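**Student:** Read off the chains here:
There are 4 protein chains.
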Amino acid sequence: MTTKSPTRVGVIGASGYAGEELVRLLLKHPEIDLVAVTSRQSAGKTLGEVFPRFAHELKADSLKFTNPEAREVGKLADVVFLALPHGVSAEAGADLVRDGGRVIDLSADFRIRDPKVYAEFYGKQHPAPDLLERAVYGVPEIHREKIRSAQLVACPGCYPTSILLPLLPLLRAKAIDPRTIIVASLSGVTGAGRKVEADYLFAECNESMRPYGIPKHRHLGEIEQELSAAAGEKIIVQFTPHLVPVSRGIISTIYADLKEKADAASIGAIFEKAYGEEPFVRLLSQARLPDTKNVVHTNFIDIAWRIDSRTNRLIVMSAIDNRTQWTSGQAVQCFNLMCGYDEAAGLS
Amino acid sequence: MTTKSPTRVGVIGASGYAGEELVRLLLKHPEIDLVAVTSRQSAGKTLGEVFPRFAHELKADSLKFTNPEAREVGKLADVVFLALPHGVSAEAGADLVRDGGRVIDLSADFRIRDPKVYAEFYGKQHPAPDLLERAVYGVPEIHREKIRSAQLVACPGCYPTSILLPLLPLLRAKAIDPRTIIVASLSGVTGAGRKVEADYLFAECNESMRPYGIPKHRHLGEIEQELSAAAGEKIIVQFTPHLVPVSRGIISTIYADLKEKADAASIGAIFEKAYGEEPFVRLLSQARLPDTKNVVHTNFIDIAWRIDSRTNRLIVMSAIDNRTQWTSGQAVQCFNLMCGYDEAAGLS
Amino acid sequence: MTTKSPTRVGVIGASGYAGEELVRLLLKHPEIDLVAVTSRQSAGKTLGEVFPRFAHELKADSLKFTNPEAREVGKLADVVFLALPHGVSAEAGADLVRDGGRVIDLSADFRIRDPKVYAEFYGKQHPAPDLLERAVYGVPEIHREKIRSAQLVACPGCYPTSILLPLLPLLRAKAIDPRTIIVASLSGVTGAGRKVEADYLFAECNESMRPYGIPKHRHLGEIEQELSAAAGEKIIVQFTPHLVPVSRGIISTIYADLKEKADAASIGAIFEKAYGEEPFVRLLSQARLPDTKNVVHTNFIDIAWRIDSRTNRLIVMSAIDNRTQWTSGQAVQCFNLMCGYDEAAGLS
Amino acid sequence: MTTKSPTRVGVIGASGYAGEELVRLLLKHPEIDLVAVTSRQSAGKTLGEVFPRFAHELKADSLKFTNPEAREVGKLADVVFLALPHGVSAEAGADLVRDGGRVIDLSADFRIRDPKVYAEFYGKQHPAPDLLERAVYGVPEIHREKIRSAQLVACPGCYPTSILLPLLPLLRAKAIDPRTIIVASLSGVTGAGRKVEADYLFAECNESMRPYGIPKHRHLGEIEQELSAAAGEKIIVQFTPHLVPVSRGIISTIYADLKEKADAASIGAIFEKAYGEEPFVRLLSQARLPDTKNVVHTNFIDIAWRIDSRTNRLIVMSAIDNRTQWTSGQAVQCFNLMCGYDEAAGLS
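Residue numbers (numbering that gives the first Met the number 0), protein chains in the order written: chain A, 0 to 347; chain B, 0 to 347; chain C, 0 to 347; chain D, 0 to 347.
Just chain A, with the same shape it has in the complex (with noise of 0.2 Å):
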């Protein structure tokens, strides 16, 4: 329980996928006054008009939508939320930042550290390469305490969570070989966001599995970028996507060589010094194996491990719930984290 005021927040394109998500936990954060929300394409309608789920709900019938740019909405808030496209996010991102402004970008545009890699992958030079250096990688198991005091939070991918977590202790602990790293990722259709493609139709991915972005999908960047940093050299990952006809959530199933004799037990202690106390990290004991149905809808990934003795080779396997976890959920805990709030006000 806090005695802090409530923060003044507002959201800057809050018409996708992430942004309803995120729309849905601010409106319930019980510390926070939802005060702009803006889109160009639902600007004069009502929260409740835009996402019909919502209406009834608190400020939804209230509040609309409204088109400013985006300084003006730094003015009205203390933390503001981008939901933007990637590469619209920057500019945005930079004035609000320029002004003095506290920013949670959930678009990929402040993930990457190094210029050169940002245009690596994402085929164009970087808008505002000086903030690089600023923003802070939004995984409060990671980089807690930067986030504390960070002016600039960079949400991370749908995919890179759900494998970190469970690589970073490993990496650290220098259990595994990181020259053989693999991962295989499976991810539900809202992952894509609302794009309205043929790709995306109903009755072309239901009844359908399918990898796709062989081999080198843009997420490796923020990955790579992550566990390098944690192991202290660079790593480079095999990863390889697959979309699945759910609408939520991933599975990361992960596979290491072991650099030494281990079990289940040795490893178990590993994740358990690192996520022990972590709100939103639940290691599955040995009986139990990771299903998407139990974190959808939260904020948690779920982290299970087995040794093949056969082949000395670690599996590790997590989930999450790719629209809570990836962006509005672990966006509020930044956003906590930020404003001193309980790490998990409004998540739980």
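Hints in this document: simulated from the structure, not taken from any laboratory.
There may be inaccurate statements among the hints.
Note that the list lumps identical chains together, so a pair holds whenever it fits in one copy or between two copies.
As the list claims (entries may be wrong) - Straight-line Cα separation of at most 20 Å, EDC-like style, residue types lysine to aspartate or glutamate; simulated pairs:
#: 1; residue 1: Lys145; residue 2: Asp113
#: 2; residue 1: Lys27; residue 2: Asp341
#: 3; residue 1: Lys58; residue 2: Glu276
#: 4; residue 1: Lys63; residue 2: Glu90
#: 5; residue 1: Lys63; residue 2: Glu119
#: 6; residue 1: Lys215; residue 2: Asp262
#: 7; residue 1: Lys58; residue 2: Glu277
#: 8; residue 1: Lys58; residue 2: Glu30
#: 9; residue 1: Lys123; residue 2: Asp113
#: 10; residue 1: Lys63; residue 2: Glu232
#: 11; residue 1: Lys58; residue 2: Asp341
#: 12; residue 1: Lys258; residue 2: Asp32
#: 13; residue 1: Lys233; residue 2: Asp307
#: 14; residue 1: Lys145; residue 2: Glu276
#: 15; residue 1: Lys27; residue 2: Glu56
#: 16; residue 1: Lys27; residue 2: Glu342
#: 17; residue 1: Lys58; residue 2: Glu342
#: 18; residue 1: Lys145; residue 2: Asp307
#: 19; residue 1: Lys272; residue 2: Glu71
#: 20; residue 1: Lys215; residue 2: Glu119
#: 21; residue 1: Lys194; residue 2: Asp98
#: 22; residue 1: Lys215; residue 2: Asp307
#: 23; residue 1: Lys115; residue 2: Glu71
No experiment lies behind these values; they were computed from the predicted model shown.
Based on the hints, put chains B, C and D in the right spot on chain A.
**Tutor:** Frame of chain A, contents of chains B, C and D only:
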């Protein structure tokens, strides 16, 4: 086109998903006279009553399930398909083979040649170990000539076909390091058969993705047996299946280190040489990746490959219909070979 | 906001889908102290072990299932929820009520006031017919005042709420001809509970749509009871449910002849008068139609209506979450009324 | 078996879902030589490239899409199928018919005989009203003899077949009161065609059920036209479609007051007389109800009926595959009639 007279065929244990799909194909096969279908629980009912989707199709309204001894079916039929549960099939198969009949078994009972390996993976002694040597593993692309003259064919499990066909030519060509093979597979729910268990209820599978059978799934026995035979050395692979909410289909994504530098074209040449003439193998162009919706309700396997120059790893992806290619389609293809019909008869 | 102290609550038979959803809400309810959850099959396990999605939530890792007599639970708790199967619930409920406890029953056992109607629809004599009169049918929008003082509340079946709320104001206003009421309902698969039967396997429900329970589904008993009470005459309705491959949700499309000419506005006025102040009823504008995806995971019912001037018929459509509105959400709303809390406590 | 030579067939506008299914059937039809498939956007590509699931099937790897004038296709082919969008089809159809060709149109353009009714339902004047009279509505069970000699066949919409076949015999037998007909239909998402609109995205359809097109869906025009013709009086029906997350299939549940007392057997006799000899109509026993999973990928319609003695109402339920029975299957059946082949050729 053939001038041979129809072959009399019987199916023992036809009331599961595998049996249903098999009966569907047999009913439409131009060279088959389906003379007996048996089922303990459905005896006395017509095919159309038990499988309403077949009602009004050809013999479905007149042919009735019976419940005789296997040997009685052997007297009526030139070839007998066994669609019985694992463990039950061995006994029926042994009786039929000893009577001189020709048998195509869809269960796991005759897939493993080494009784010790059978015991390792199935947890009990094989009831008819002398027959294991005589059984031919029913993948035409591997054992075509042996299948032609086989008396007993053991059809593969649902995963192995999707893994063996991509890997065998690569191993034979010594293009990959066999110690680095990792397979992540995704399967539709019918892979489990018509098991009435809570895990397979709609509400437990829908909007769920989950790994299972980690790290030592039963199908590893037959996968490693066939890979080892092709490679001329003992091969151990990493295999992790995942359950996904589709009714049909399997995607296997396979990773292996390249032994030497290769490119997509040189790998393509290996596949082209192996499968260029195969009627049911489709090698995809570099513009496409497999998608189960292109193979379900067919007997095709779609195969694609990519090389990651950053890791010098080869990624091969395949898609099959677990119900057609696993059981009925492949079994009918074996039947055609055994009886001298066009290999694709009844399958296109 | 209330200053009352928390109420001690127990749940008997909490291991089905209804119990799971109920426990989820009770755990998060700000005014509830969950003191006992019972289950014969899960006794000794924690909530988090039985429902992995709750692990790490509040008391889920510490509270264990027990298996006492119902009367023992009654001694610990101020209010007891029964999530037992039909037929089993009556006995536990009778014991608790006779001991003076307050009971909210999620089964069908106390929904029918007339023992003869109960026998007609459930095929047996009621075990505690004297209690039927004392039970209050748990739809707050109909029986709010009686619920406040009720000792025994019988929560409705999954379909009735979606049918009663649209029809009752129209019958009271004598706007429709009661002899012409026809209801076509579509339900997600959890409506059947966690029954491990072949009909509810994934492969039998996925890509399937089917009517069932035609023409006399059990829920007609309670539907006609409540409609008749409101209309002041015996009402018989046509009701045909359909099973659809979604996990959650019900759509009811209701047809009735208008008694006199009416327009969308005059019908809207009837609904507005009835439900304008209701916290969980949303009357949609003429621009929108109900969609279950807007109500699942909420306690809302969305209602829309259209008049066909060609036929002088009124079509009313409603959407609810069969798991929340049917069982847990509505039951918690009743609990709030019974205990004098804000009616929406724990539900928004 | 027939001794006729193959018929040369062309398909104009073959790149939507209807065209794809049609091409699949035409490729496998034993009496058809597919000489031209056209598509503006796919010209130059093979069938196998545009529809990867057909690759390696018969001519799919060699036959290329072209983009000629419709009249050019008419010179190559004896029969031309039109799978063009509504509105576009009329012009191509008119050209072909005026050149003396035989045309089977899958669009809505020639379904309505009365230009005024066309204008009422489609909001514009018909571009070739003189042809409306010559077009035959392509439901073989209704217009078999006219189809045999037709020059222009207009295949029905996806819903009408599922509604007309159950109702027509009942109206002809004067068993039901035509003013009381109400139809609730459930459709899979491919019913909307391959429209790239947000409403049909996976994430908007999955876990969603919703009515739409209330109260006056376009298909009412053709439904009422055919019902009125059969009844000898103007019939107006209530029709409410619902969108359900399956790829294929339609369920129609139809309600009507019985004119006189009837029982299941007497209604069954009416259906048996009408459809006892029909190759693609299956009348279900009283033990079963329709389920779309029994008809998808087939050309069958399954019909069941129940009488509610409490209301004296008849409930008739039907199931079809909206893609096969609506478009390709029924169109091929018409083709067989027009060309004198076995009516079921290429369809079983």
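**Student:** Now, for every hint given, state plainly whether the structure supports it.
**Tutor:** How the hints compare with the structure:
Taking the closest pair of Cα atoms, Lys145 and Asp113 come within 20 Å of each other only inside a single copy of the chain (18 Å); across copies the shortest separation is 59 Å, beyond that limit. In this assembly of identical chains, Lys27 and Asp341 lie within 20 Å of each other by CA distance both inside one copy and across copies; the values are 15 Å within and 17 Å between. In this assembly of identical chains, the alpha carbons of Lys58 and Glu276 lie at most 20 Å apart only when taken from different copies (16 Å versus 35 Å within one copy). For a Cα distance limit of 20 Å, the shortest separation of Lys63 from Glu90 qualifies neither inside one copy, at 24 Å, nor across copies, at 47 Å.
Neither within a single protomer nor between protomers do Lys63 and Glu119 lie at most 20 Å apart by alpha-carbon distance, with minima of 39 Å and 38 Å respectively. For the homomeric pair Lys215 and Asp262, the shortest alpha-carbon distance between copies (16 Å) is at most 20 Å, but the shortest distance inside one copy (32 Å) is not. Taking the shortest Cα distances, Lys58 and Glu277 sit within 20 Å of each other only across copies (16 Å), while inside one copy they are farther apart (32 Å). When the C-alpha separation of Lys58 and Glu30 is checked against a cutoff of 20 Å, the pair qualifies only within one copy, where the shortest distance is 14 Å, while the shortest distance between copies is 23 Å.
Taking identical chains as interchangeable, the C-alpha atoms of Lys123 and Asp113 lie at most 20 Å apart only when both belong to the same chain, with a minimum of 13 Å there against 58 Å between chains. Neither within a single protomer nor between protomers do Lys63 and Glu232 lie at most 20 Å apart by alpha-carbon distance, with minima of 49 Å and 46 Å respectively. Taking the closest pair of Cα atoms, Lys58 and Asp341 come within 20 Å of each other only across two copies (18 Å); inside a single copy the shortest separation is 23 Å, beyond that limit. Proximity of Lys258 to Asp32 under the C-alpha cut-off of 20 Å is found in neither arrangement, the shortest distances being 50 Å within a copy and 49 Å between copies.
Proximity of Lys233 and Asp307 under a CA criterion of 20 Å is satisfied inter-copy only: 17 Å between copies versus 27 Å inside one chain copy. Proximity of Lys145 to Glu276 under the C-alpha cut-off of 20 Å is restricted to the intra-copy arrangement: shortest distance 18 Å within a copy versus 47 Å between copies. For a Cα distance limit of 20 Å, the shortest separation of Lys27 from Glu56 qualifies both inside one copy, at 9 Å, and across copies, at 18 Å. Taking the shortest alpha-carbon separations for Lys27 and Glu342, both the intra-copy value of 15 Å and the inter-copy value of 17 Å come in at or below 20 Å.
In this assembly of identical chains, Lys58 and Glu342 lie within 20 Å of each other by CA distance solely across copies; the values are 18 Å between and 24 Å within a copy. When the C-alpha separation of Lys145 and Asp307 is checked against a cutoff of 20 Å, the pair qualifies neither within a copy, at 37 Å, nor between copies, at 34 Å. For the homomeric pair Lys272 and Glu71, neither the shortest alpha-carbon distance inside one copy (45 Å) nor that between copies (41 Å) is at most 20 Å. Within a single copy, Lys215 and Glu119 get their C-alpha atoms as close as 11 Å, which meets the 20 Å cut-off; across copies the closest is 39 Å, which misses it.
In the homo-oligomer, the alpha carbons of Lys194 and Asp98 never lie at most 20 Å apart, since the shortest distance is 32 Å inside one protomer and 44 Å across protomers. Proximity of Lys215 to Asp307 under the C-alpha cut-off of 20 Å is restricted to the inter-copy arrangement: shortest distance 8 Å between copies versus 28 Å within a copy. Taking identical chains as interchangeable, the C-alpha atoms of Lys115 and Glu71 are never at most 20 Å apart, the minima being 32 Å within one chain and 55 Å between chains.
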